[in-house]
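*Asks:* Take a look at the letters that make up each chain.
There are 2 protein chains.
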Amino acid sequence: MKRESSVAKQEKTAITPVRAENYPEWYQQVVKAAELAETSPVRGCMVIRPWGYTLWENIREGLDAMFKATGHVNAYFPLFIPVSFLEKEAEHVDGFAKECAVVTHHRLEADDDGKLVPAGALEEPLVVRPTSETIIGATYAKWVQSYRDLPILINQWANVVRWEMRTRLFLRTAEFLWQEGHTAHETKEEAWDETMKMLEVYKTFAETYMAMPVLTGEKTAAERFPGATNTLCIEAMMQDRKALQAGTSHFLGQSFAKASGIQFQSRDGSLEHAWTTSWGVSTRLIGGMIMTHADDNGMVMPPRLAPSHVAILPICRKPEDEPAIFEYCNAIAEQLRTVTYHGRALNVVVDKREMNAGEKSWSWIKKGIPITLEVGPRDMASDSVFVYRRDTTRKDRYGQDKDAFVESVAAVLDEIQASLLARAIKLREDNTCTIDEWDAFCGFFTPENKDRPEVHGGFAMSHWCDDPACEKKINDTLSVTIRCIPFDRTDSGKGACVVCGGPSSGRVVFAKSY
Amino acid sequence: MKRESSVAKQEKTAITPVRAENYPEWYQQVVKAAELAETSPVRGCMVIRPWGYTLWENIREGLDAMFKATGHVNAYFPLFIPVSFLEKEAEHVDGFAKECAVVTHHRLEADDDGKLVPAGALEEPLVVRPTSETIIGATYAKWVQSYRDLPILINQWANVVRWEMRTRLFLRTAEFLWQEGHTAHETKEEAWDETMKMLEVYKTFAETYMAMPVLTGEKTAAERFPGATNTLCIEAMMQDRKALQAGTSHFLGQSFAKASGIQFQSRDGSLEHAWTTSWGVSTRLIGGMIMTHADDNGMVMPPRLAPSHVAILPICRKPEDEPAIFEYCNAIAEQLRTVTYHGRALNVVVDKREMNAGEKSWSWIKKGIPITLEVGPRDMASDSVFVYRRDTTRKDRYGQDKDAFVESVAAVLDEIQASLLARAIKLREDNTCTIDEWDAFCGFFTPENKDRPEVHGGFAMSHWCDDPACEKKINDTLSVTIRCIPFDRTDSGKGACVVCGGPSSGRVVFAKSY
Chain A
92 MKRESSVAKQ
102 EKTAITPVRA
112 ENYPEWYQQV
122 VKAAELAETS
132 PVRGCMVIRP
142 WGYTLWENIR
152 EGLDAMFKAT
162 GHVNAYFPLF
172 IPVSFLEKEA
182 EHVDGFAKEC
192 AVVTHHRLEA
202 DDDGKLVPAG
212 ALEEPLVVRP
222 TSETIIGATY
232 AKWVQSYRDL
242 PILINQWANV
252 VRWEMRTRLF
262 LRTAEFLWQE
272 GHTAHETKEE
282 AWDETMKMLE
292 VYKTFAETYM
302 AMPVLTGEKT
312 AAERFPGATN
322 TLCIEAMMQD
332 RKALQAGTSH
342 FLGQSFAKAS
352 GIQFQSRDGS
362 LEHAWTTSWG
372 VSTRLIGGMI
382 MTHADDNGMV
392 MPPRLAPSHV
402 AILPICRKPE
412 DEPAIFEYCN
422 AIAEQLRTVT
432 YHGRALNVVV
442 DKREMNAGEK
452 SWSWIKKGIP
462 ITLEVGPRDM
472 ASDSVFVYRR
482 DTTRKDRYGQ
492 DKDAFVESVA
502 AVLDEIQASL
512 LARAIKLRED
522 NTCTIDEWDA
532 FCGFFTPENK
542 DRPEVHGGFA
552 MSHWCDDPAC
562 EKKINDTLSV
572 TIRCIPFDRT
582 DSGKGACVVC
592 GGPSSGRVVF
602 AKSY
Chain B
92 MKRESSVAKQ
102 EKTAITPVRA
112 ENYPEWYQQV
122 VKAAELAETS
132 PVRGCMVIRP
142 WGYTLWENIR
152 EGLDAMFKAT
162 GHVNAYFPLF
172 IPVSFLEKEA
182 EHVDGFAKEC
192 AVVTHHRLEA
202 DDDGKLVPAG
212 ALEEPLVVRP
222 TSETIIGATY
232 AKWVQSYRDL
242 PILINQWANV
252 VRWEMRTRLF
262 LRTAEFLWQE
272 GHTAHETKEE
282 AWDETMKMLE
292 VYKTFAETYM
302 AMPVLTGEKT
312 AAERFPGATN
322 TLCIEAMMQD
332 RKALQAGTSH
342 FLGQSFAKAS
352 GIQFQSRDGS
362 LEHAWTTSWG
372 VSTRLIGGMI
382 MTHADDNGMV
392 MPPRLAPSHV
402 AILPICRKPE
412 DEPAIFEYCN
422 AIAEQLRTVT
432 YHGRALNVVV
442 DKREMNAGEK
452 SWSWIKKGIP
462 ITLEVGPRDM
472 ASDSVFVYRR
482 DTTRKDRYGQ
492 DKDAFVESVA
502 AVLDEIQASL
512 LARAIKLRED
522 NTCTIDEWDA
532 FCGFFTPENK
542 DRPEVHGGFA
552 MSHWCDDPAC
562 EKKINDTLSV
572 TIRCIPFDRT
582 DSGKGACVVC
592 GGPSSGRVVF
602 AKSY
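Quick note, the sequences are listed as chains A and B, same order.
Going by the numbering used here, the first sequence opens with residue 92, and the numbers climb by one from there.
Going by the numbering used here, the second sequence opens with residue 92, and the numbers climb by one from there.
Bear in mind the hints are in silico, worked out from the structure with no lab data behind them.
Hints should not be assumed to be uniformly reliable.
For chains that are exact copies, the list does not tell them apart, and a pair is met inside one copy or across any two.
To be verified - Derived lysine to any residue pairs resembling SDA-like cross-links, with alpha carbons at most 20 Å apart:
1. Lys-493 to Tyr-419
2. Lys-206 to Thr-195
3. Lys-409 to Asp-442
4. Lys-189 to Glu-215
5. Lys-457 to Glu-116
6. Lys-206 to Ser-175
7. Lys-451 to Val-478
8. Lys-443 to Arg-358
9. Lys-189 to Gly-205
10. Lys-103 to Arg-485
11. Lys-189 to Arg-257
12. Lys-179 to Asp-204
13. Lys-159 to Asn-421
14. Lys-159 to Gln-270
15. Lys-409 to Asn-447
In this text, all values refer to a predicted model and were calculated from it rather than measured experimentally.
Start from the sequences and build out the full structure, keeping to the hints where you can.
*Replies:* Below, the structure is given as structure tokens:
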């Protein structure tokens, strides 16, 4: 067999480069081809395009319902934080002062050359919120007098700004959208329960809606949120086997309550500080979904969050066929819109754009719509549709009776959702190893091919003696961090630290990460 | 009759002062008593409390559905605007440069005294968006190549900042929440139709959801959005007879397309600039609802937007009654939650807080919940409820069979909605006058009592010669502006300008305003 024909047999892909060639560049190309987002003229800030923003709206709607079901309400707090507020918690300000947008003036004035320059200097500079513990804490301090005023269970959907030097769409941007829950409690136990409960909400959401399996656990001191007593997290494995921290839930102890003065008269009459928590997920989740599900043809949307579920493409070879085929397609769409999928009506697009049929079909593949229906004169004549499931290959397309399709569509979407989750679980299982020796550990995280530094082992379940020095050595040597200490760490049995051989109470999760 | 007893007979009100005593202060007290919002430690920025924020969520949901039904999609654009972008449209920058938050640095650093000061100066200062025409225009310029790329019909829900010197909760704050639609079209006609269509959406929303009647029309040149060719508006009359501009829809002509370079190849092959529009409403709508519906006992929520529809208050005089009454109340709540009111399930609260029954009842009156049910042992025994409608007086409360109440609740809510709208229409009709003479015009807008400058006539329908000088004279003399030029202006017949006697093609709407 000639080499040339072998190359020709390779399937053509919609995204160049493919994952195996250059994963980071593939990611950027998927974001672009799927029309999810793009860079803006403002350094590090992104434009979230309608297809990406609808995905975010669906994420928000799903999470919001879960927050409300667990007793939370939404509110809104100021965009700006006076510098003096940020300073109230020492670790907190250290964590955020290095990368924040600072507002120093409140108007623009023309200088002698007619150029607009800042004028009206503020007495105290304001920081655009990187997170809102301090400004919300100041408000809670006013609201809380007695134990009867607790708990406060509030969430905020907002934009925040962290002046990151190296940005990547969705994964790390200067401005991003998120939710931040901020709660205040009477007792330590109640605050801890809240911290754990919201982590569980995130895990359930990630797995059920995003079809993205996650590990849960506690961060080491080195990886904690600045000022937190404990940081819990959900961690997912991307297709390049790196970890993505997808959400965090912080137990803040009394440190922020002390910094903000959230005090209450307790049941026994004494004056006490409240116990607080905070927890958040952001538009980073979209980056996680891309790197979990997208393939060499573009985005793959999990049906539970897909902006649209079904695209219907009329295939009209002769212009005179158009009216009849359009009518048939519209009728199918109307029928499909009566189907309820997990509490909401199916979202269906009939794509009547004037363009090349192949190009049109690929545009939906790249966008990752779960199901595409192609409908030509023959399909119409036989009252059927030609079905393509985004989780299968183009070769697997099949014709089906129209009514049978409508009847089964919700079940098929659930099948797609399940297949995406199963695939992601398998990827994680295939790339998670139990490693006890330092050499093997280093080998696991060392790319075989120096041109492809992103190709390495995955998650290593290894022993650690709890010494930050060993953690640091691993990070310095391999750029590998402890992603989380599993809650059931001791179930893995005692052992010897992979670095120093010291005693370990159980394995923790090591990985390279975003 | 003794004077004292006459005073005693006056109904006690929950809000002090009452509207007739001091309207501006009454407004602030309603916002506070209803727990809608409060000032924050950040100058001019408000904290929107859960009750107020849920109201905003309901406004957003209602409008968003209307935007989507008219073919729009949501997206998200950067918070920051480089100063050079703002400068591209000369009138625009003049309008906003005087009151914008300017970001000049991207980190904080400790100075010699350990005090944090701005560091890392930006090459070009950024403005926190006061509105997004320029930054969105820059993106549209990239998206649009051909007439096939038009129209672009995008809306954004976002926070914006305008550094106002005198702020008032909801009505005028430095940071506020809003939506801003930005559309680009192939032809002038299409852009104009869009401008009119969205004004109509705002009018429908104001009247149907907010129960707030509005006048529509065009702004004079003096009152236009900076850079717009035409600004259309909805204007409502508040209870102090001042006008509130509640929403605007701008026809931007080609000026912003030229400033941003939004060009396309037209059907005949020539290169043309797009025609654009923008339109927005903000959290100011909440201020409008308060000043339209609230009374001397606090907020009155129109049912279509109310955060909750029914509060059920268990009245337990003996502790041993509690379990049975709570159970009865919970059962009523469950029954009510199965009722659909305009597409969503009724929101019902069972208020089990331990507090004085009168205080509890007043807390819901102040919050403006449409219906309160009081349920004591006798009500339970007779399978009934004691009903209070917020649009009536406390004296009008009535007992009703429980099932009959549940059966009728949606209709009663619609009655409340209708009664609020009717009351607001009547207020406007009672305080709108046709005035032809300058002296009468001045008298209409001059308070009889100098201690109560807010008490004046209302809306004057008067002739105007279209000369900005006459408009300015009225503003300078009386602080009265032309709120809008009605679309059907000529229907009112020709006449003589109320200032100069020059020819007028029809009456326009004059009023004091917020």
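*Asks:* Check each numbered hint against the structure and report the violated ones by number, ascending.
*Replies:* The structure conflicts with no hint, since it agrees with every one listed earlier.
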